[in-house]
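Student: As they're listed, the protein sequences go chains V and G. The first sequence runs contiguously to residue 368 in the numbering used here. The second sequence runs contiguously to residue 431 in the numbering used here.
Worth flagging that the hints you see were computed from the coordinates, not collected in a lab. Where hints are given, some of them may not hold.
Unchecked claim - Here are the computed lysine to any residue pairs in the SDA-like style, where the Cα-Cα straight-line distance is at most 20 angstroms:
#  : chain 1 : residue 1 : chain 2 : residue 2
1  : G       : Lys341    : G       : Gln422
2  : G       : Lys341    : V       : Pro139
3  : G       : Lys341    : G       : Leu224
4  : V       : Lys81     : G       : Ser327
5  : V       : Lys260    : V       : Ala276
6  : V       : Lys138    : V       : Glu124
7  : V       : Lys329    : V       : His348
8  : G       : Lys341    : G       : Pro314
9  : G       : Lys341    : V       : Pro96
10 : V       : Lys217    : V       : Thr16
11 : V       : Lys121    : V       : Gly192
12 : V       : Lys115    : V       : Gln159
13 : V       : Lys329    : V       : Gly344
14 : V       : Lys81     : G       : Val317
15 : V       : Lys14     : V       : Thr76
16 : V       : Lys81     : G       : Ala316
17 : V       : Lys81     : G       : Arg240
18 : V       : Lys109    : G       : Arg330
19 : V       : Lys81     : G       : Glu319
20 : V       : Lys138    : G       : Pro338
21 : V       : Lys217    : V       : Glu364
22 : G       : Lys341    : V       : Thr99
23 : V       : Lys329    : V       : Gln292
24 : V       : Lys280    : V       : Val324
25 : V       : Lys138    : G       : Phe333
26 : V       : Lys260    : V       : Ala279
27 : V       : Lys109    : G       : Glu319
28 : V       : Lys329    : V       : Val309
29 : V       : Lys109    : G       : Ser327
30 : V       : Lys109    : G       : Val337
31 : V       : Lys140    : G       : Met339
32 : V       : Lys109    : G       : Ser329
33 : V       : Lys121    : V       : Leu135
34 : G       : Lys341    : V       : Glu102
35 : V       : Lys175    : V       : Glu311
36 : V       : Lys81     : G       : Ser329
37 : V       : Lys140    : G       : Ser342
38 : V       : Lys140    : G       : Val288
39 : G       : Lys341    : G       : Pro300
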Amino acid sequence: MASVTYDKATRVYPGADKPSVDALDLEIGDGEFLVLVGPSGCGKSTSLRMLAGLEDVNQGAIRIGDRDVTHLPPKDRDIAMVFQNYALYPHMTVAENMGFALKIAGVNKADLRTKVEEAAKILDLTEFLDRKPKALSGGQRQRVAMGRAIVRQPQVFLMDEPLSNLDAKLRVSTRTQIASLQRRLGITTVYVTHDQTEAMTMGDRVAVLDKGLLQQVDAPRAMYDRPANLFVAGFIGSPAMNLVEVPLVDGGVKFGGSVINIDRADLAKAGDAKTVVVGIRPEHFQIVPAGGLEGVAVTVNVVEELGADGFVYGTTQVSGQDKDIVVRVHSREIPQRGETIHVVPVGTETHVFATTGERLSR
Amino acid sequence: MSTNTDATTGIPAQRGGDDKPRRPGKEQRFADGGGVLNVFSHGFLALWALLIIGPLIWIVLGSFKNNTEIGSSAWSWPSHWSFDAFGRAWQKGIGDFFVNTLIVLAGSLTLTMLLGAMAAYVLARYEFRGNRVIYYFFVAGAMFPVYLALVPLFFMVKNLGDVIPWLGLNQYVGLILVYTAYSLPFTVFFLYSFFRSLPSAVHEAAMIDGCSHSRAFFQVMVPMAKSGLISVFIFNVLGQWNQYLLPLTLMQQQSGSDPDHSMLAQGLMNLAQQSGYASDFPGLFAGMTIAMLPVLVVYLSFQRQVQAGLTSATLK
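Put together the whole structure using the sequences plus the hints.
Tutor: As structure tokens, this is what we get:
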């Protein structure tokens, strides 16, 4: 077990003019479960592969514990990786797949067998040990890939979207299995995903990347409550936060009929900008009766009923322009399509960003 | 007896015998094409099969007949079944030619497959300067007709033999190297695309599991490429077994005391020419049958893998 440190690690692909991972600074504690999340092409997989030794590090360094592994080959890094498509060896049985790394390391046969059987027991694979990967279901293959990683008891687990090839239901159950397995083994884990539910539910901390740049690292809750910039605000949360550009007025910003107050000192950060971006999560709207002064009128376009609650996708007029807005509503009071509802943001749950992306509100 | 003889006989037979539609999509497509096209193409294939199988049967039957019977009618049945002709052919040197061919092929096929697979793998999997140049160099080799190279090749091997005797003319090792060089372009070309089609994550997994480059190649990638390796192996067996021109040029006895290292095809030709008027046609036919059998056996036993290898490399 060990910590992992990215120290200004940079990767520029040959022929590319911009780095895919740009001076990544990240400290992952011993035994921590860190989730790297971001849209496709953001550099999250590249960051993971740099740690694995599958991509060169052009600048900066990567350390596992105190060891500088920046230029070590993968086999000398004491890591194990779970691939998106599992990358099982098709010509080997499940047991051989799981024990391959130990066999190479020269572990004697009896020990190897015991370790493989232990791992198989944890993952419920005992009865499949003599099968080839071809004869397994997707979920079982995924578990074999996990087994191959845990048999080695490495210092760091790397997981590259290990659940994206599973069906929705299996994904949810495997998600919790992986999280609890990681807690039990206490092995430092770096987990790459584009699925923010995975990011929010599995990790001790979440790191959001965009265009090769680290946007924010924080505990899931903290990130949800206080996104550091526009990108994180829009990326974390499903459905996404409503982000609306509104004009500045004296002492705050005007959103519909209501004025959201902003601290003068914070506002100063925006410089002499005339507009800012207000962010309000769908669940932070209150429905008010029509006719009130404060409410924003939203015309309902689509209603999604999820059972527990419903989401209204509507349009509203902000400074003379149509804006799309998502509002969470109670599951028993779902409005009809075409109806107009009036909503006000819950006072303390608004976020204000400069149009350049920087967070203004505290 | 040519390379594609045996390869093509298998195909119509396979089509006809394959009742179970293993790939419904494909069967569907053929069905959509309309009955007329089907009848036409199957008819054509059947005719082709007949044209190829006919002479083969004629040769096999001929080896049981006697000279008169062969001379009278091609369609007659041998009057009595005896293996005398086979014995005579064997004594006349077919046995030696057979062994010579086996020795050379054992060496050249091992080398071709080993070097070809390694070269193709490195070219397909590793990025380095000159990668493309080397690849195209190999591929260009496949476009170069061997006839053009014959004379220079002869002098090259001859001169090499002056320096290192066991690499010269009428030497097993000399011919093994030439066969290997002759087969490498296609082998590399074919296996290159095959290795490309294999998932790279498996190779990465092997590297993370602690494999060295060579172990990843031999223990992970080669087993995964098995069907492709078998296909190209069969092609090389067929091609090298039936090779006539190269041994004719390079495996001539250099002096009276020089041992006869003739290959099968070449030896058969010599037999036919030397016999002159006192020709022993049944013996010749028996020799041809002997020469043809191993190729048929090899092809028929690996037929399924050949098709698997071909489709997985090309249909992806």
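Student: Run every hint past the structure and note whether it holds.
Tutor: Hints and how they fare:
1. A distance of roughly 12 angstroms separates the Cα atoms of G/Lys341 and G/Gln422; the hinted pair therefore holds under the 20 angstroms criterion.
2. Taking the CA atoms of G/Lys341 and V/Pro139, the gap is near 17 angstroms; set against the 20 angstroms cutoff, the hint holds.
3. This hinted pair checks out: G/Lys341 and G/Leu224 have alpha carbons roughly 15 angstroms apart, not beyond 20 angstroms.
4. For the given pair, V/Lys81 sits about 8 angstroms from G/Ser327 by alpha-carbon distance, which is consistent with the 20 angstroms threshold.
5. With a C-alpha separation of about 16 angstroms, the suggested pairing of V/Lys260 with V/Ala276 holds against the 20 angstroms cut-off.
6. Among the hinted pairs, V/Lys138 with V/Glu124 is consistent with the structure: their alpha-carbon atoms are about 19 angstroms apart, no more than 20 angstroms.
7. Between V/Lys329 and V/His348, the direct Cα distance comes to roughly 15 angstroms. Compliance with the 20 angstroms bound is thereby established for this hinted pair.
8. Only pairs whose Cα atoms come within 20 angstroms are accepted, and G/Lys341 paired with G/Pro314 is accepted, the gap being roughly 14 angstroms.
9. Annotation: proposed proximity of G/Lys341 to V/Pro96 holds, straight-line Cα distance about 11 angstroms (limit 20 angstroms).
10. For the suggested pair V/Lys217 and V/Thr16, the alpha carbons sit about 12 angstroms apart, so the restraint of at most 20 angstroms is met.
11. Restraint check for V/Lys121 and V/Gly192: the C-alpha separation of about 17 angstroms stays at or below 20 angstroms, so the hint holds.
12. Between the alpha carbons of V/Lys115 and V/Gln159 the distance comes to roughly 17 angstroms, so the proposed pair stays at or under 20 angstroms and holds.
13. Our distance criterion of 20 angstroms between C-alpha atoms is met by V/Lys329 and V/Gly344, whose separation comes to about 16 angstroms.
14. Taking the CA atoms of V/Lys81 and G/Val317, the gap is about 14 angstroms. The hint holds against a cut of 20 angstroms.
15. Note on V/Lys14 and V/Thr76: the hinted pairing holds, with a Cα-Cα distance of about 11 angstroms set against a maximum of 20 angstroms.
16. A C-alpha spacing of about 15 angstroms is found between V/Lys81 and G/Ala316, which places the hinted pair at or below 20 angstroms, so the restraint holds.
17. For a cut-off of 20 angstroms, the pair hint linking V/Lys81 to G/Arg240 stands: about 18 angstroms separates their Cα positions.
18. This hinted pair checks out: V/Lys109 and G/Arg330 have alpha carbons roughly 12 angstroms apart, not beyond 20 angstroms.
19. Proximity of V/Lys81 to G/Glu319 is assessed by CA-CA distance (about 10 angstroms); at most 20 angstroms being required, the pair is judged to hold.
20. Proximity of V/Lys138 to G/Pro338 is assessed by CA-CA distance (about 13 angstroms); at most 20 angstroms being required, the pair is judged to hold.
21. Between the alpha carbons of V/Lys217 and V/Glu364 the distance comes to roughly 16 angstroms, so the proposed pair stays at or under 20 angstroms and holds.
22. Among the hinted pairs, G/Lys341 with V/Thr99 is consistent with the structure: their alpha-carbon atoms are about 17 angstroms apart, no more than 20 angstroms.
23. The hinted pair formed by V/Lys329 and V/Gln292 meets the criterion: a straight-line CA distance of about 18 angstroms does not exceed 20 angstroms.
24. Proximity of V/Lys280 to V/Val324 is assessed by CA-CA distance (about 15 angstroms); at most 20 angstroms being required, the pair is judged to hold.
25. A hinted pair counts as satisfied when its Cα atoms are at most 20 angstroms apart, and V/Lys138 with G/Phe333 qualifies at roughly 19 angstroms.
26. In summary, the hint linking V/Lys260 to V/Ala279 is supported, as the alpha carbons are separated by about 14 angstroms, within the 20 angstroms threshold.
27. With a C-alpha separation of about 17 angstroms, the suggested pair V/Lys109 and G/Glu319 falls inside the 20 angstroms cut-off, and the hint holds.
28. Our distance criterion of 20 angstroms between C-alpha atoms is met by V/Lys329 and V/Val309, whose separation comes to about 16 angstroms.
29. In summary, the hint linking V/Lys109 to G/Ser327 is supported, as the alpha carbons are separated by about 13 angstroms, within the 20 angstroms threshold.
30. Only pairs whose Cα atoms come within 20 angstroms are accepted, and V/Lys109 paired with G/Val337 is accepted, the gap being roughly 18 angstroms.
31. Proximity of V/Lys140 to G/Met339 is assessed by CA-CA distance (about 13 angstroms); at most 20 angstroms being required, the pair is judged to hold.
32. Between the alpha carbons of V/Lys109 and G/Ser329 the distance comes to roughly 16 angstroms, so the proposed pair stays at or under 20 angstroms and holds.
33. For the hint linking V/Lys121 to V/Leu135, the alpha-carbon distance of about 12 angstroms falls within 20 angstroms, and the restraint holds.
34. Under the criterion of a C-alpha separation no larger than 20 angstroms, the hint pairing G/Lys341 with V/Glu102 is consistent with the structure, at around 18 angstroms.
35. As the CA atoms of V/Lys175 and V/Glu311 are separated by approximately 19 angstroms, the hinted pair is consistent with the 20 angstroms bound.
36. Of the pairs offered as hints, the one joining V/Lys81 and G/Ser329 holds, with about 13 angstroms between alpha carbons and a cut-off of 20 angstroms not exceeded.
37. Between V/Lys140 and G/Ser342 the CA atoms are separated by roughly 16 angstroms; this keeps the pair inside 20 angstroms, and the hint holds.
38. Under the criterion of a C-alpha separation no larger than 20 angstroms, the hint pairing V/Lys140 with G/Val288 is inconsistent with the structure, at around 43 angstroms.
39. Restraint check for G/Lys341 and G/Pro300: satisfied, since their Cα atoms lie roughly 19 angstroms apart, inside the 20 angstroms limit.
The structure fails to meet hint 38 from the earlier list, while all remaining hints are met.
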